[in-house]
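Protein chains: 2
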Amino acid sequence: MQLSNRIVSMQASPIRKLVPIADKAKKSGKKVYHLNIGQPDIETPKVFFDALKHFDEKVLAYSSSHGDQELIQAMVDYYKKYDIEYEKSDIIITNGGSEALLFAIIAVADPEDEILVPEPFYTNYNGFSVPVGVTVKPITTSPLDGFRLPSKEALEKVITPRTRAILLSNPGNPTGVVYTREEIQLIADIAKAHDLFVIADEVYREFIYGDFEYTSFGTVKEIQDHVIIIDSISKRYSACGARIGSIASKNKALMANVMKLAQSRLCVPTIEQVGAKELYKVDPSYFKGVNDEYRKRRDLVFKLLREIPGVIVEEPKGAFYMVVKLPVDDAEKFVIWMLEEFSYKEATVMMAPAEGFYATPGLGVDEVRIAYVLNEDDLTAAMEILKLGLEAYPGKK
Amino acid sequence: MQLSNRIVSMQASPIRKLVPIADKAKKSGKKVYHLNIGQPDIETPKVFFDALKHFDEKVLAYSSSHGDQELIQAMVDYYKKYDIEYEKSDIIITNGGSEALLFAIIAVADPEDEILVPEPFYTNYNGFSVPVGVTVKPITTSPLDGFRLPSKEALEKVITPRTRAILLSNPGNPTGVVYTREEIQLIADIAKAHDLFVIADEVYREFIYGDFEYTSFGTVKEIQDHVIIIDSISKRYSACGARIGSIASKNKALMANVMKLAQSRLCVPTIEQVGAKELYKVDPSYFKGVNDEYRKRRDLVFKLLREIPGVIVEEPKGAFYMVVKLPVDDAEKFVIWMLEEFSYKEATVMMAPAEGFYATPGLGVDEVRIAYVLNEDDLTAAMEILKLGLEAYPGKK
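Keeping their order, the protein sequence lines are chains A and B. My numbering numbers the first residue of the first sequence as 96 and each following residue consecutively. My numbering numbers the first residue of the second sequence as 96 and each following residue consecutively.
Don't read these hints as lab results, they were simulated from the structure. Treat the hints with caution; some may be incorrect.
Note that the list lumps identical chains together, so a pair holds whenever it fits in one copy or between two copies.
[Unchecked claim] Okay, derived cross-link-like pairs now, SDA-like style, lysine to any residue, Cα gap no bigger than 20 Å in a straight line: (1) K383 <-> K492; (2) K122 <-> K183; (3) K428 <-> E409; (4) K153 <-> P404; (5) K148 <-> V369; (6) K122 <-> G384; (7) K376 <-> V142; (8) K153 <-> R101; (9) K148 <-> K420; (10) K153 <-> V377; (11) K141 <-> D151; (12) K141 <-> P379; (13) K112 <-> M354; (14) K347 <-> Q97; (15) K428 <-> A288; (16) K153 <-> V369; (17) K398 <-> A476; (18) K420 <-> G124.
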C-alpha cells in the first residue's frame with residue numbers, strides 16, 4: 096500500500112523531532128535546559144485543579160459540539176475586558192488552538208488555495224495546511240529589523256487569485272514581534288480591499304512587555320466579518336496540557352460551517368472545560384504577575400545574548416520567544432551537537448532550529464528560536480552554556 | 096470572502112443537527128428520551144475520577160505527541176488479552192476515535208482518492224473524509240438481511256485505481272452487525288489482492304451479544320501491514336467526554352508519518368490520559384456486567400419494536416445500535432414531528448434519521464438509528480411512545 100503524498104511530503108515538527116536526541120542526552124546523565132518548546136514553568140492557577148476535584152458526575156458524558164456554555168460565557172466576559180464584543184454564538188471551543196487553526200484553514204481555503212503568513216511563523220501553520228492541501232505563502236520578515244511587516248506594495252505583490260486569508264500570530268511566535276496599530280490597520284485594509292479573511296492567532300495577547308498599546312484584530316470594527324480569532328488557555332493560564340482553545344468570529348456563515356467540523360469530532364473534553372471556565376474567570380491582576388516575571392526573563396536573556404560575540408537579536412516585545420541569529424554554519428547541526436557532544440557542568444541547552452519556521456528555502460539556516468520559559472537562574476545557566484557551546488562548536492562562523 | 100467549497104458541501108451531522116429542536120421541546124416542558132446518540136448511561140469506572148483527583152502536578156504541562164507512555168503500555172497489555180500483538184511504538188494516542196479516523200484517512204488517501212465503506216456507516220466517516228477531499232464509496236448493505244457484506248465479486252466491482260482503503264466498524268455503528276470470521280477473511284483477501292489498507296474501527300469490541308466468536312482485524316496475521324486499528328475509551332468504559340482514542344498499526348512507515356500529524360497538534364489532554372490509563376487496567380470482568388446489561392436492553396427493544404406494526408428490524412449482534420425501517424414517508428420529518436408535535440405523558444422520543452448514514456442517495460429515507468443506551472424502564476416507555484407516535488403520525492405509510 097502506498098501512503099498519501101500529502102503525508103509523505105509533510106515535514107516533521109522542527110520543534111519536536113529532536114526530542115529523541117534530547118531524551119538520549121538525559122539518559123546519559125546530562126541535564127537539558129529546554130528552551131526549545133513553549134512549555135512555561137509558571138504554575139497553573141489552582142482554581143483549575145480545584146474544579147476538577149469537585150467534578151462529581153457519575154458518567155463522563157459528551158459535551159456539546161459547540162462547547163460548554165458556561166465556559167463560552169466566561170470567554171464572552173473575558174473578551175469584553177479587551178473591548179472585543181463577542182456573543183456566545185460567535186465562539187466554538189476547540190481541542191487547543193491547534194484544532195481552531197485547522198478548522199479555520201479548512202473553512203476558508205480549498206486545496207491549492209493560498210494563505211499568506213509572515214515568516215518566520217509558528218511551524219505548525221504548515222502542519223495544519225499541508226495535510227488539507229493549502230499552501231502557505233510567506234511574507235518574509237527579518238531579524239535585522241525586529242520582524243516588522245513590509246510595505247503595502249510588498250504585501251500586495253504576494254496576493255494571487257487563490258489567496259483566501261492572511262494568518263498571523265500577534266504577539267508573534269516565534270519572533271516575539273508585537274504589531275503596531277499601523278501594521279494592524281495595514282492588514283485590515285488589505286483584507287478589505289482583497290476580500291480576504293484575517294486569521295488572528297492571539298494566544299499570547301497578555302504577554303506584552305513595555306508601555307505600548309496592543310491592538311487585537313477583534314477591535315478593528317470595520318472588518319469584523321473578515322476576522323477569525325484563535326485563542327487558547329495553554330500559555331495564557333499555563334495550562335498547555337488541557338488542550339482547550341477556541342475559534343471566534345462575527346461571520347455567521349463561517350461559524351455555521353465550522354460547526355459542521357466541530358460536530359464531526361463530537362466534542363472537546365468535558366472535564367477540561369470545567370477547569371477552563373474557572374481560568375477565564377481569574378482576575379486580570381493575575382496577568383500582571385506573570386507578565387512581570389516574563390519581562391524580567393526577556394530582559395535577562397536579551398542582555399546575555401547581546402554579550403555573546405556574533406549573536407544577532409533585536410529586543411522582542413511580546414510572547415515568550417525570540418529568534419536569534421547565531422554565528423554557526425547550520426543551527427540544526429549546532430542544536431544536535433549541543434545535545435550529543437557538548438556539556439558544561441553536566442548540563443546542556445536545547446533550542447528549536449528556526450529553518451522550519453520559514454517557508455522560503457534557505458532562510459533561517461543559522462537561526463534558532465529560544466523560549467524563555469525557565470526561571471532566571473536556569474536562564475542564566477543556559478545562556479552561559481550557550482556561550483561556551485558557541486565557542487567550542489567546530490562549525491563556528 | 097467566500098468560504099471553501101469543501102466546507103459548504105459538507106453535510107451537517109444527522110446525529111447532532113436536530114439537537115436545537117430537542118432543546119426547544121425540553122424547554123416547553125417535554126421529557127425527551129434520547130435514543131439518537133450513543134451516550135451510555137453506564138457509570139464511568141470510579142478509577143478514572145480517582146486518578147484525576149490524585150493528579151498533583153503544579154503545572155499542567157504538554158504530554159508527548161505520541162501519548163502518555165504508561166497509557167500506551169496499559170493498551171499493549173489490554174490488546175494482549177485479545178491476542179492482538181502490539182508494541183508500544185505501534186500505538187499513538189488521539190483526541191478520541193475521531194482524530195484517529197481523521198489521521199488514518201489523511202495518511203492513506205490524497206484528495207480524489209477513495210475509501211470503501213459498507214453503508215449505512217457511522218456518518219462522521221464522511222465528516223472526516225469530505226474536508227480532506229477523500230471520497231467515501233459505499234458498499235451497500237441492507238436491513239432486510241441484517242446488513243451482511245455482499246459477495247467478493249460485488250465488493251471488487253466497487254474498487255477503482257483510486258481506492259486506497261476499506262474502512263469499517265465491527266461491531267457496526269449504526270447497524271449493530273458483527274462480521275463473521277468469513278466476512279473478515281473476505282475483506283483481508285481483498286485488501287491483500289488489491290493492496291489496500293483496512294481501517295478497522297473496533298471501538299465496540301466488547302459489545303457482543305451471543306455465543307459466537309468475534310474476530311478482530313488485529314488477529315489476522317497475514318495482513319498486519321495493511322491493518323489500522325481505531326480504538327476509543329468512549330463506549331468501552333463509558334467515558335465519552337474524555338476524548339481519548341488511539342490509532343495502532345504494525346506498519347512502521349504509516350505510523351512514522353501519522354506521528355507528523357500528531358506532532359502538529361502537539362498532544363492529547365494530559366489529565367484525561369492519566370484517567371484513561373486506569374481504565375485500560377480495569378479487570379475484563381467489568382465488561383461482563385456491562386455486556387449483560389446491554390444484552391437485556393437489546394432483547395427488550397428488539398422485542399418491543401417487532402410488536403409495532405410495519406416496523407422492520409433484524410436482531411443486531413453487537414454495539415448498542417440498530418437501524419430500523421419505519422412505516423413513514425420520511426424518517427427525518429417523523430423525528431422532527433415527534434419532537435415538535437407529539438408527546439405522551441408529557442414525554443417524547445428522539446432518534447437519529449438514518450439517511451445521513453448512507454452515501455447512496457435515496458437509501459435510508461424511512462430508517463432511523465436507535466441507540467439503546469437507557470435503562471429498561473426508560474426504553475420500555477420510549478418504545479410505547481414510539482408506537483403511539485407512529486399511530487398518530489400524519490405521514491404514515
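Item to check | Numbers of unmet hints, in rising order | outcome: Hints 1, 3, 4, 6, 8, 9, 15, 18 contradicted; others consistent.
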